[in-house]
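**Student:** Throw the hints in and build the complete structure from the sequences for me.
Just so you know, the working numbering puts 268 at position 268 of the sequence shown, and the rest follows in order with no gaps.
Calculated directly from the structure, the hints in this document are not laboratory data.
Positions of the beta carbon are idealized from the N, C-alpha and C atoms, including for glycine.
Errors might be hidden in some of the hints.
Label-pair distances were calculated between CB atoms; the ranges are [claimed, not checked]:
1) D431 to E488: 20 to 28 Å
2) L238 to L160: 28 to 36 Å
3) N134 to T361: 35 to 43 Å
DSSO-like, lysine-lysine: derived pairs with alpha carbons at most 30 Å apart [to be verified]:
4) K413 to K62
5) K434 to K62
6) K17 to K389
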Amino acid sequence: MLDIKVRSHDAYTLEMKVGFIKGKEQHKSDFTINTWIFVPNTLDLNKSNYSKDQFYSDVKSKVRFITPVYALTAIVDEGAIPFNNLSAATQHLLKDETNQHVYEIEYQLKMFMAIFRSALRNAVTEFKQTKADNHATLIQSYVSASIAIRDKYRELKESLHQNEQVVRKEYFNYFSFADEYLSYTLLRYSFLLLDRLMLVTDERFQLLQQQVKELILSEQAYMKSKGYSFIKVNEQGLNQAVIYRYAMLNKYVESDLLLESNKKKDSDGVFVQQVYYSIAAGISMVFATVIAFSFQQKYGNFTMPLFVALVVGYMLKDRIKELTRFYFAGKLGGKYFDNKTEISVKGKKIGWIKEAVDFITDEKVPSEILSIRNRSVLLEVENRIHNEKILLYRKKVSLDRGEMMKDSTYFFKGVHDIFRFNLTRLLQRMDNPKVPVLSLDEHNDQVIGFYADKVYYINFISQIEYENHTEYKRYRIVCQRDGIQEIEELFT
Numbered sequence: 001m002l003d004i005k006v007r008s009h010d011a012y013t014l015e016m017k018v019g020f021i022k023g024k025e026q027h028k029s030d031f032t033i034n035t036w037i038f039v040p041n042t043l044d045l046n047k048s049n050y051s052k053d054q055f056y057s058d059v060k061s062k063v064r065f066i067t068p069v070y071a072l073t074a075i076v077d078e079g080a081i082p083f084n085n086l087s088a089a090t091q092h093l094l095k096d097e098t099n100q101h102v103y104e105i106e107y108q109l110k111m112f113m114a115i116f117r118s119a120l121r122n123a124v125t126e127f128k129q130t131k132a133d134n135h136a137t138l139i140q141s142y143v144s145a146s147i148a149i150r151d152k153y154r155e156l157k158e159s160l161h162q163n164e165q166v167v168r169k170e171y172f173n174y175f176s177f178a179d180e181y182l183s184y185t186l187l188r189y190s191f192l193l194l195d196r197l198m199l200v201t202d203e204r205f206q207l208l209q210q211q212v213k214e215l216i217l218s219e220q221a222y223m224k225s226k227g228y229s230f231i232k233v234n235e236q237g238l239n240q241a242v243i244y245r246y247a248m249l250n251k252y253v254e255s256d257l258l259l260e261s262n263k264k265k266d267s268d269g270v271f272v273q274q275v276y277y278s279i280a281a282g283i284s285m286v287f288a289t290v291i292a293f294s295f296q297q298k299y300g301n302f303t304m305p306l307f308v309a310l311v312v313g314y315m316l317k318d319r320i321k322e323l324t325r326f327y328f329a330g331k332l333g334g335k336y337f338d339n340k341t342e343i344s345v346k347g348k349k350i351g352w353i354k355e356a357v358d359f360i361t362d363e364k365v366p367s368e369i370l371s372i373r374n375r376s377v378l379l380e381v382e383n384r385i386h387n388e389k390i391l392l393y394r395k396k397v398s399l400d401r402g403e404m405m406k407d408s409t410y411f412f413k414g415v416h417d418i419f420r421f422n423l424t425r426l427l428q429r430m431d432n433p434k435v436p437v438l439s440l441d442e443h444n445d446q447v448i449g450f451y452a453d454k455v456y457y458i459n460f461i462s463q464i465e466y467e468n469h470t471e472y473k474r475y476r477i478v479c480q481r482d483g484i485q486e487i488e489e490l491f492t
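**Tutor:** See below:
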């Protein structure tokens, strides 16, 4: 199955996170996502001023494993896989300090912290979505589990710290990085939880608020003792450094979830394209040769008519070649892809992603997509004069679960394809975000002037095909020149 989440990554960037989730019994499967992007004609976007290279430069994508899901209470309890994996890797390293064991301990540290962060996020989300009657149980579980996890991890780290030979090793830094990341992450989600709790005025929640505060204060005290910085009010320079360091540690922790990718031109499409272009050149050459031979046979060599025929034949040959190339390019556009990205883990290929983008006309848009687009009467009238511009972005994914799970100490249910589309090139074509307008005041006595927002709507419609199923998603991006204002999911 697929799981799709769309949000604004920043003021100018749209992020679409697509989870390709495979069943335990499936070894291979393919997913196809076709996305039609409907751009207002007023933005004057077309293939002559927005090339494929420009589109791909605006797009940033990465593929990563979906973080294994564990409840907070299942991370360090007896029999808990995350801590057991970390503890076992540590013992193996102490017994035999090979490069493989060093790599494994770093991998297990990153996975442990990624799972911890995911569990904290899920716990806070569950609290926000749960009725107040269950809040006390959730908060107590959150606090006790968080304390157990940090204490258990730090006991392991401290046992290594007492070994002077280990402390001098480079890999001990990995434990320190993970420890600092644990602190930042615990503070971040605990503050989100406390902020939510503070909205509740019920006296019964004061004790819960105090428990979360004590968790935060104890963690800040530990960070201070270790020399870790944390966010403080009115400390701009310090806060900049903290945010930067947390971002770096976050990338470090995520690095083993990211899959190695190698993007290049799709060889199938390139080969077929060159074959058809060769045919186009051959057709034009046949035409020019027929003209030359015909005039030579009729008028002889070195005559003016033959000279004129050769010039005209050469002129028409080039035009015929270009027209034929254009014709074949149009025919090939929907069958082949621009790029192919090979996905691998530890150098082993586990799948690929193919992608392509093209401007298309209404006639090439399937009727069901136009129905979902559901243009207003006014927009249809405008379309008779100036057509809405349509970009079709195609993506096909193939994954091999057998290769994904080989030699892995965790079960990965699938991967996330994170697609970010920077809309700056589109936004810079928009008018001023505020326009002056006039209206009567609330008493209908005087005319007053003020500014109103001028927005543009960019519609995204995705068709998702997998396992003989087809789903449709529609999103409307509300934009102004100064950025994305809102993302609306319109149910199909």
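**Student:** Could you tell me which of the numbered hints above are not met by this structure, giving the numbers in increasing order?
**Tutor:** 3 and 5
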